[in-house]
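Those protein sequence lines, which keep their order, are chains A and B.
In terms of this note's numbering, the first sequence opens at residue 1 and continues consecutively.
In terms of this note's numbering, the second sequence opens at residue 1 and continues consecutively.
Worth flagging that the hints you see were computed from the coordinates, not collected in a lab.
Ideal Cβ positions, reconstructed from N, Cα and C, are used throughout, including at glycine.
Where chain A lies over chain B, by a calculated footprint (3+ residues, C-beta under 8 Å):
hint: 1; stretch: 57-67
hint: 2; stretch: 73-87
hint: 3; stretch: 401-409
One side of the interface only, derived from the structure: several residues of chain A facing chain B at Cβ under 7 Å:
hint: 4; residue: N24
hint: 5; residue: T28
hint: 6; residue: E67
hint: 7; residue: R68
hint: 8; residue: A89
hint: 9; residue: P122
hint: 10; residue: A123
hint: 11; residue: V129
hint: 12; residue: A130
hint: 13; residue: I273
hint: 14; residue: V278
Okay, here's what each chain looks like letter by letter:
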Amino acid sequence: MRSMSMSLASSTGGEHLQASGRFNDGHTAARRRVSVAIVGKRLEFREREGTQHWAWPLADLRRVGEERRGEDLILTYVETPDQEDLADARLVVQGAAFRAALLAAAPQLKGERIRRRAVWRPAALTLLVAAGLVAFVLYGLRPAAQAVAAAVPVSWEVALGDSVYDQVLDYFSLFGMQEPHACVAEPGRRALEALTATLAEGDEIGYPYRVVVLDDDMVNAFALPGGRIVLFRGLIDFAERPEEVAAVLSHEMAHIIAQHGVARIMEQFGLTILLDFVTGGGGVITGGAAVILGLSYSRHDEREADSLGIDLLNQAGIQSGGLVSFFERFAQQHGTEDSFGEIGNVLSTHPADGERIAAGRAAARDGRPAFTEEEWAAVQAICDVTEPAL
Amino acid sequence: MVDATFGGVPRQDGGADAAGPLPRVPHYHHVVYRGGAGPVFRIALVNSLLSLVTLGIYRFWARTRLRRYFWSHVELDGDPIEYTGTGKQLFLGFLIVMAILVPLLFGLEYVAMLFPEEAWQQAIIGFVQVFGFLFLIQYAVFRARRYRLRHTLWRGIRCNQTGSGRRYALRAFGYLMLTFLTLGLTYPLFRLKTQSYLMNHTRIGSQAFAFDGSAGALFKKWLLVWSVLVGGIVLFVLARASSGGGNGGVPFSLHDLMSATGSVSILALLAVPLLYAWYRAREFRYFAEVTRFGSLRFASAIKARRVVLLYAIYYAVLAAAAGILFFVLSGFIAGFGEGLMGSFEGTHAQQLQQVQVIGIVVGLVALLIAATLVGTLQPVLVTHPLAHHVIGTLTLKGQYDMEELLQGAKMADRRGEGLVDALDVDVAGF
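Let's have the full structure, built from the sequences with the hints guiding it.
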């Protein structure tokens with residue numbers, strides 16, 4: 001289809017493979033017909049109907065439109081590599097034989113070289129970045145979040161915890177439960193405050209602990225950043241000994257001291273930003289990854305809170321075997337029950353596997369009781385007086 | 001390899017190799033698309049797989065490679081146009097925009113957090129977010145187009161988008177608001193005014209395009225799309241109301257569709273995307289007519305039916321793929337979940353967690369497969385045939401002396417299309 005004009009020229013002294021081509025000088029869109037030859041380390045071409053001639057060093061040649069089929073080579077040349085996208089003179093050379101000769105003389109023009117540069121190298125680099133990112137999310141994000149959490153001022157944590165507390169209570173009253181009531185019988189409150197203050201002596205940061213008992217059957221408890229702890233009446237009813245309540249309380253305090261809540265927030269925050277950056281805002285992907293990561297960290301957090309909580313009890317000289325008996329009994333009674341759909345069930349965030357029980361047993365020490373008998377009776381009766389929690 | 005499929009479009013070699021001197025002014029100008037479905041599929045497949053394993057980071061290079069393919073197979077008067085943009089530029093542009101946008105968004109979130117009680121403050125913040133976003137999208141569209149034009153060359157002559165992104169965004173935003181206020185009726189005006197600004201500020205080298213149209217001709221066509229859309233919505237609401245409405249707070253249920261009104265409304269709403277494709281094809285024909293390039297005029301014989309068919313095939317293939325994916329995955333979940341429940345020893349909570357994790361993982365896998373599928377199919381089933389048809393039916397009328405076409409000012413634009421990526425805007429399917 002394309003006629004190929006090739007001749008052996010003698011005008012430049014030696015015998016050079018010649019080809020015809022067309023040239024755009026980058027100043028106008030006019031096409032000039034040129035004769036092209038490889039002369040030494042240069043590509044020389046001259047107008048067919050004119051006197052102008054050019055010489056481009058072979059090493060500076062670049063090829064464009066490399067995805068095109070056919071025998072044509074479209075060439076440009078760059079004086080400085082970073083100007084590559086601004087070079088705008090174009091030389092189209094025609095003919096299979098010349099093309100082969102030119103590719104041999106200037107190998108950077110070969111299709112596979114260009115593809116290596118434009119496809120495989122970026123692919124390898126982005127794959128590396130992606131792998132690094134995954135590694136960071138798996139191993140670096142948690143420590144980083146923990147470090148950031150440590151730098152957060154206590155007052156900020158308190159404000160955060162308070163705002164989450166309000167939201168959680170709203171949530172409870174929204175989703176089917178009766179309006180949350182706080183248990184406020186004075187003797188029970190005083191007993192809990194006294195125990196909290198004793199345990200808080202082991203906390204060097206000095207969070208302002210505020211323990212609230214909510215009048216609900218759930219066997220559950222949770223802690224919020226900055227010192228808020230919520231126990232449900234169901235948990236106090238379930239406890240057979242004061243030490244079991246003390247164990248749960250110290251476990252929740254440990255969550256606060258270890259800043260698990262704040263770290264979790266930082267972590268989700270960081271993960272969201274990071275994944276949005278790479279995936280370009282794939283909301284579902286980010287959300288899914290965050291949930292998986294959250295679940296995998298929750299076990300780590302629970303174990304850490306177990307051991308730190310037991311330390312708090314041991315430091316205060318309080319008997320610290322309550323966690324083990326609490327978990328064992330809980331697993332027996334609730335383990336086979338259907339726990340699906342129950343919001344915030346103690347087991348969904350506090351998986352009580354054998355390992356945790358064994359670790360708790362190993363760390364447990366004997367000591368004085370957590371409450372006197374009167375105090376324990378008062379704590380059990382704390383819900384005799386209630387008031388709206390909101 | 002697929003040259004033979006380009007029926008109707010004569011192969012033109014521009015006469016460059018004819019024995020005589022090049023004619024200074026060709027007798028006519030012509031534009032051809034020479035791409036093949038095979039190479040497009042291969043590139044799209046490799047692109048999708050690489051994007052998949054790199055968590056999507058490769059997408060900037062993927063897009064660049066496709067563009068290079070498409071651009072270099074469009075020939076004007078025998079010479080291909082060229083795409084000189086790079087994946088690196090797109091990637092860096094995206095990072096820069098995210099670095100600005102993310103703190104901005106979180107700043108807004110933080111401000112919203114400071115006033116949780118005040119409804120009017122929340123409303124203002126929401127307002128700023130929504131309208132700020134809509135405004136930014138317009139700006140992003142302009143910048144993306146500018147990047148692409150500044151990285152498009154023909155015979156070494158650079159194209160350019162002049163004009164100001166801010167002014168364009170203001171104008172587009174204004175007409176968008178008007179479209180909202182008129183419940184969508186004045187959409188053709190939005191299309192025309194934005195196209196007018198963009199085309200009147202589009203150049204190849206020294207020569208600017210001129211665009212001189214009015215929306216009047218488009219309203220009748222738009223009215224068809226609009227009435228089907230509005231009719232579909234109205235019928236849907238009616239169907240819901242007559243079926244008792246409530247559904248216990250579920251916004252939508254199959255029960256609503258059982259009535260005649262319901263099925264008609266769903267049919268109407270399903271037809272809207274195809275009708276919209278029809279409208280855009282007719283619109284393109286009109287836009288081509290009112291566009292000039294120096295002494296050149298344009299005419300498009302684009303067939304709206306063809307475009308609609310093309311999209312119908314694409315949607316049907318996607319729907320079929322989604323259906324298959326759904327059945328395979330739900331079977332997988334059912335089987336796996338059951339096996340897990342039976343064999344796993346431990347508490348319910350652990351089982352629950354495992355099931356949750358598996359559910360999420362399966363969901364993610366489904367999403368990734370879907371994204372890969374779309375990434376592979378769209379260029380093959382939409383972009384390529386559309387380019388083939390649109391460019392194949394475009395004729396250039398009149399003569400233009402290409403020696404008069406001079407190089408424009410050197411304009412580097414290396415920030416890429418960050419904003420478009422950050423906002424996740426799909427610009428013209430590329």
